[in-house]
Amino acid sequence: MSKDDISEKVNKGARVVLKNLSKVYTTREGKGVHALDEINLDFEPGSFVACVGPSGCGKSTLLSLLAGITRPTCGELYIDNKLIEKPHPKVGVVFQSDLLLYWRTVLDNILLPIEIKKLSSKDYSVKAKDLLKQVGLDGFENKLPTELSGGMRQRAAICRALIQEPDLLLMDEPFGALDALTREQMILDLQKMWMTLGNTILFITHGIEEAVFLADRVLVMSPRPGKIQLDLKIDLQRPRPWSDTHEDPKFAKYVRKVREIFESQGILVDH
Amino acid sequence: MSDAQSSQRGEIVAAAIKGGKKPPLFRQLFEKFSALLLASAIILFWQIYVQVSGVTEFVLPAPTAIAERLILDFPLLISHAVITFSEVIAGFGSAVIIGLPMALIIFYSPIFERSIYPILIALQTVPKIVLAPLLVLYLGYGWAPKIVLAFLISFFPILISSVIGLQSLDKELVNMVRSMGAKEYQIFQKLRLPAALPNVFGGFKVAIYLAVIGAVIGEYVAAEQGLGYLQLQANSQFDTTLNFATVIMISAIGVCLYLILNALGKRISFRRDSAI
Chain A
977 MSKDDISEKV NKGARVVLKN LSKVYTTREG KGVHALDEIN LDFEPGSFVA CVGPSGCGKS
1037 TLLSLLAGIT RPTCGELYID NKLIEKPHPK VGVVFQSDLL LYWRTVLDNI LLPIEIKKLS
1097 SKDYSVKAKD LLKQVGLDGF ENKLPTELSG GMRQRAAICR ALIQEPDLLL MDEPFGALDA
1157 LTREQMILDL QKMWMTLGNT ILFITHGIEE AVFLADRVLV MSPRPGKIQL DLKIDLQRPR
1217 PWSDTHEDPK FAKYVRKVRE IFESQGILVD H
Chain C
4 MSDAQSSQRG EIVAAAIKGG KKPPLFRQLF EKFSALLLAS AIILFWQIYV QVSGVTEFVL
64 PAPTAIAERL ILDFPLLISH AVITFSEVIA GFGSAVIIGL PMALIIFYSP IFERSIYPIL
124 IALQTVPKIV LAPLLVLYLG YGWAPKIVLA FLISFFPILI SSVIGLQSLD KELVNMVRSM
184 GAKEYQIFQK LRLPAALPNV FGGFKVAIYL AVIGAVIGEY VAAEQGLGYL QLQANSQFDT
244 TLNFATVIMI SAIGVCLYLI LNALGKRISF RRDSAI
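Just so you know, the protein sequences line up as chains A and C, in that order.
Position 244 of the first sequence, counted from 1, bears residue number 1220 in the numbering used here, the numbering being contiguous throughout.
Position 61 of the second sequence, counted from 1, bears residue number 64 in the numbering used here, the numbering being contiguous throughout.
Hints were generated in silico from the structure; no laboratory data involved.
Here the structure is a predicted model, which means the values were calculated and not measured.
This list has only true hints and no planted wrong ones.
Here are the simulated PhoX-like cross-link-like pairs (lysine-lysine), alpha carbons at most 20 Å apart as the crow flies: (1) K1119(A) to K269(C); (2) K1094(A) to K186(C); (3) K174(C) to K1062(A); (4) K1058(A) to K995(A); (5) K1098(A) to K1119(A); (6) K988(A) to K1103(A).
Using the sequences and the accompanying hints, generate a full structural model.
Written as structure tokens, this is what we have:
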């Protein structure tokens, strides 16, 4: 997407700035774990940033810092020039598991952030139903989460994050628990959704191809303490159709570049 | 030939999709009421055995004799049942009133969790009924020792299952609502309490039976009224029929209270956080 059609989008997207961000957390045994080391980043408003890295490299720590759930040991985070000290109202989070409350209907799950912010559930229920329709879940609003498949549940969880009209959407391996076919569809749906909404997305994943396919920018993190090893701009036209994009030599080059980082670290070994 | 075969197969598959034949009506009824049938069969066997063997009523009264007695002596039975019922309610009620806040304190305060909780768990292993004679010694022959015994015996399951219910919450869920900017009271209201309710009610259901046991044991040790007292009276007068009738009354108290709690639990669990 070019810069000039940003005005057509629903959200403006937040600018995210991380300055000299370090995080050391203490384990139950009292040991200090250096999760993030001197992270400096600047996300353009409305950009789709993916972050790949091996397990335990601090990707999720980065996300929970931006969500305002944990505080950094050193450094600062800014969302639209506002220092983050507590959860920002314009940030939505999608976790690896759907985390739907099993005693609430799908609709009431989506309205949970509205209730917590003490806004009127009545006013937002129309919007919630609209979101459900967009993700293909119309008619499921009064079902309980246990009656839905894994993919449907994660779609509902995405609706729950979107009802807050987030300028920044944080996604922590959102499709990691889904089967391969559902994941493919979710990736395509996410791209479409983001192109209409235009919010800034930080998408954390283990999947290199998933990251390259979706993002404008792929950050590759090193094992603990997490550092940005590679900051790769993905210059592929949007919308990106699945097969054409995967067959694009440029796509293959990007994937290889990210892979090489992991190979150089011994995280991936080719035989 | 092969066309005919394939159309035959098609029919078989279509029939299977439509659903097989329903079992005959008597079989459906039998499956539905099998527990009731079995219970009736046992009572019938009991009745026939008493009549055929000519065993005396003192040794084993017939079910019809017990039923007759329940009707004839209903005013007597009810007057004692009211006493026992009140003791159960008072004991169980105070266990709820003290147990639930204590569960909250233990959950929210690490100091209490580390100091009081292990002691309570250790105390739980003491068989509470052995305290009955001591309670009579300290509290006399009135209603007090029965209520205290019913309280002691039902307190621990309520407390411990409530603490476990509160602790069982997934940390990820807490992070999720925190990311929405939830305050601690909102985390409790929207998350912890509704998630703990099945455990809390599970504790209640165990506790209510135990409270009945506590009250009756209290009455066994020293009492002038109540179903436990009436049963001992019947026993000493060799009135086995009345003895059985009190057993049925005591069981009825437990079952009724259980059913009430069960219905209440289902109602509250249905729309847990909007109900509160």
